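Q: Go ahead and model the full structure; you've got the sequences and the hints to work with.
Line order of the protein sequences matches chains A and B. If you're matching positions, the first sequence starts at 1 in the numbering used here and goes up one per residue. If you're matching positions, the second sequence starts at 1 in the numbering used here and goes up one per residue.
Don't take each hint at face value.
Chain A side only, calculated, beta carbon under 8 Å to chain B, not exhaustive [claimed, not checked]: (1) Met102; (2) Ala108; (3) Arg126; (4) Pro129; (5) Asn173.
With a straight-line Cα cutoff of 25 Å, these simulated SDA-like cross-link-like pairs (lysine to any residue) come out [said to hold, decoys possible]: (6) A/Lys124 with B/Val196; (7) A/Lys124 with B/Ala129; (8) B/Lys95 with A/Lys124; (9) B/Lys118 with B/Ala129.
These aren't lab readings, by the way, just hints derived from the structure by calculation. As the structure is a computational prediction, the values presented were derived from the model and not from experiment. Glycine included, every Cβ here is placed at the ideal spot set by N, Cα and C.
Residue strings, one per chain:
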Amino acid sequence: MTETQEGAGAAADAPGAPPVPAIELDGVVKEYLAHGEVVQAVKGVTLTIAEGEFFSLLGPSGCGKTTTMRMVAGFEEPTRGTVRLHGRDVTDVPPDRRDVNMVFQSYALFPHMNVWENVAFGLKRRKVPSGEIARRVGEMLEIVALTGREKRRPREMSGGQQQRVALARALVNRPRALLLDEPLGALDLKLRQAMQIELKRIQREVGITFVYVTHDQSEALTMSDRIAVMNDGRIEQLAGPREIYERPATAFVAGFIGTSNLLRGTVDRVESGCAVLRVGAEGRVLAAEGAHRAGEAIAVTVRPEKITISTEEPAGGLSAVRGTVSEVVYLGLYNSYAVSLADGAEVTVFQQNALDSTSTAERGDAVWLSWQPQHSYAIGS
Amino acid sequence: MKRLTPYLLVLPGGLWLAIFMVVPMVFMASVSTQEGDVVNGFAQTFNVGVYGEVLGQYGTQFLRSASYGLAATAVSLLLAYPVAYWIAFRGGARKSTYLLLVLLPFFVSFVLRTVSWKFLLADDGLLLAPLKSAGLLPGDFHVLQTTAAVIGGLVYNYLPFMILPIYVALERVDPRTVEAARDLYASRRGAFTRIVLPLSLPGVFAGVLMTFVPMTADYVNAAILGGPENTMIGNIIQTEYLVNNDYPTAAALSFTLMAAMLVGIFAYARALGTENVLEAAAR
Ligand SMILES: Nc1ncnc2c1ncn2[C@@H]1O[C@H](COP(=O)(O)OP(=O)(O)OP(=O)(O)O)[C@@H](O)[C@H]1O
Ligand SMILES: [Mg+2]
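A: Put into structure tokens, the structure is as follows:
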């Protein structure tokens with residue numbers, strides 16, 4: 001290993017030139033042969049991750065997140081496409097000669113080595129002088145709050161501690177990018193939340209690129225700078241957390257991230273850049289996005305917490321639909337209503353529990369649902 | 001009652017061991033110091049001198065047994081490790097089939113298998129005769145009655161005892177740890193020597209014990225595949241017991257062999273105890 005690969009972020013960017021991205025995948029496809037059949041685990045992924053970014057790959061089980069990650073780390077070679085790290089094509093470079101490190105879902109700590117030896121492993125392989133190894137391992141163990149546990153074996157530690165050893169073992173090498181494959185998957189909720197904050201803090205402190213794999217949407221939303229939502233080997237949407245949540249690009253993303261309502265209707269007319277949809281007999285929904293023609297059938301999404309429930313007809317200028325309350329669930333902070341529309345569609349509404357709440361609809365009530373036009377987006381099929 | 005449970009659980013196995021191991025040993029120890037012959041009977045005379053006699057008389061055979069045992073263990077290890085490795089890491093869905101193949105020879109009696117090797121390797125047998133008539137081997141070339149034949153037979157007969165424990169140890173190595181090592185800048189070779197090899201050492205340790213002990217005490221291979229020059233201590237014991245009916249000598253030989261083996265094993269375990277080896281590997 002050359003010294004130039006040490007030290008994160010110090011890419012020799014010419015002033016003015018666009019910075020070299022940390023990771024680039026270009027049309028990456030991975031096929032496996034399983035029982036004589038070709039299985040496409042990744043079906044053409046193209047993405048660019050900037051230096052220092054906290055980037056998440058989010059998607060349901062089996063969508064190809066781990067496979068994508070393993071191609072970045074070098075454990076799998078793409079069937080097609082290229083992988084570039086910091087501008088260098090590494091498509092067929094083995095993992096020990098890539099300047100990224102991986103934190104495994106199962107931690108994969110070395111069971112015959114103690115904490116100190118686990119963390120020092122990478123530095124020793126790179127022939128770092130022993131004085132420096134001692135210093136860096138010590139510092140790293142301090143960051144992950146494991147000072148004093150150096151002599152413990154992995155099996156003598158709790159899941160959370162093992163997780164931190166795995167993190168330290170990768171970070172101590174100061175890789176230019178850290179790949180984390182569901183690193184918090186095995187932890188209980190409380191520890192998970194604590195570690196999320198911890199990870200975020202560490203990332204800010206060391207300032208390196210994090211690529212984070214998870215199938216937990218709230219984890220991805222709270223931690224990431226950008227998220228790629230994957231489904232069936234492809235990226236469905238790549239955007240910041242806010243945009244992913246507020247403006248899902250596809251029905252899949254809308255359904256996968258949080259609770260979302262999907263309303264189908266026909267475009268009635270286009271009014272000052274807004275498509276006005278007819279939904280059922282009395283409903284009108286305004287969708288700001290895209291160029292739509294009258295008569296076109298489209299679908300729009302709206303999040304449950306954006307909807308106001310009331311017994312009176314709302315003012316014009318809002319999206320509004322009529323329905324009947326079919327279910328009320330008290331959830332502490334808020335009530336969840338299920339409202340059936342005339343066309344059979346069911347809409348979920350979250351309404352905060354204010355003390356003076358006047359909008360307490362009961363089961364069986366006929367209600368109006370309304371929301372601001374900017375909260376519904378037309379989505380691709 | 002709760003506190004007694006563990007002891008009660010040990011009881012059946014413990015009794016079994018006590019009866020079928022300790023009793024014969026005491027019996028054998030007592031026989032070894034008796035004097036007399038089969039016709040007139042043996043009487044206990046506490047003749048400890050017999051131990052000195054057997055050591056002096058059969059020292060060569062003791063040493064030969066030890067060196068055959070060591071050589072055969074070494075060859076077994078070299079052959080078994082790659083096989084076990086291959087089954088554990090490359091066996092895929094057919095692992096159990098390969099393991100069954102390893103065990104398949106055990107479905108045939110030990111002696112029968114060894115005898116069939118004798119037929120195969122005979123001077124004018126299936127293997128050598130065609131080669132000799134084709135002029136590929138000199139006419140007086142022979143395999144039987146050589147050290148190589150005995151060691152070869154030992155390796156053949158005990159190889160599965162080396163493969164299985166190594167396989168079990170390798171099977172438990174998480175392939176992700178190997179990937180983690182590669183990710184942390186270890187070469188293929190480095191990942192093997194620092195992760196796979198140390199983690200498989202308990203299996204190697206067990207395999208060596210499970211093959212070295214029976215190989216050293218073996219007499220079937222030397223009797224069937226070897227010649228007069230290949231006599232092992234097991235053959236001497238067998239002759240003293242069944243041919244010469246000199247029970248005290250045979251018992252003293254058996255006891256000496258066992259004692260030597262126990263000392264050897266303890267020394268081996270101390271020097272190479274799995275913990276020590278793992279410590280060393282982590283460095
Ligand atoms: N070695 C392999 N051989 C055959 N098929 C594989 C192999 N590895 C992965 N696959 C298949 O590729 C697809 C993607 O797998 P991958 O492990 O990348 O999913 P994932 O998104 O990480 O899922 P999870 O959230 O469950 O970890 C799956 O359908 C899986 O069955
Ligand atoms: Mg996965």
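Q: Decide, hint by hint, whether the structure agrees.
A: Cross-check of the supplied hints:
1. Met102: 5 Å, holds
2. Ala108: 4 Å, holds
3. Arg126: This interface hint holds because 5 Å falls under the 8 Å limit.
4. Pro129: 16 Å, violated
5. Asn173: Constraint on A/Asn173 satisfied, holds at 7 Å.
6. A/Lys124 with B/Val196: Within the cut-off at roughly 18 Å; holds.
7. A/Lys124 with B/Ala129: Distance of about 58 Å is beyond 25 Å: violated.
8. B/Lys95 with A/Lys124: 35 Å, violated
9. B/Lys118 with B/Ala129: It holds: about 13 Å lies between the C-alpha atoms, which stays within 25 Å.
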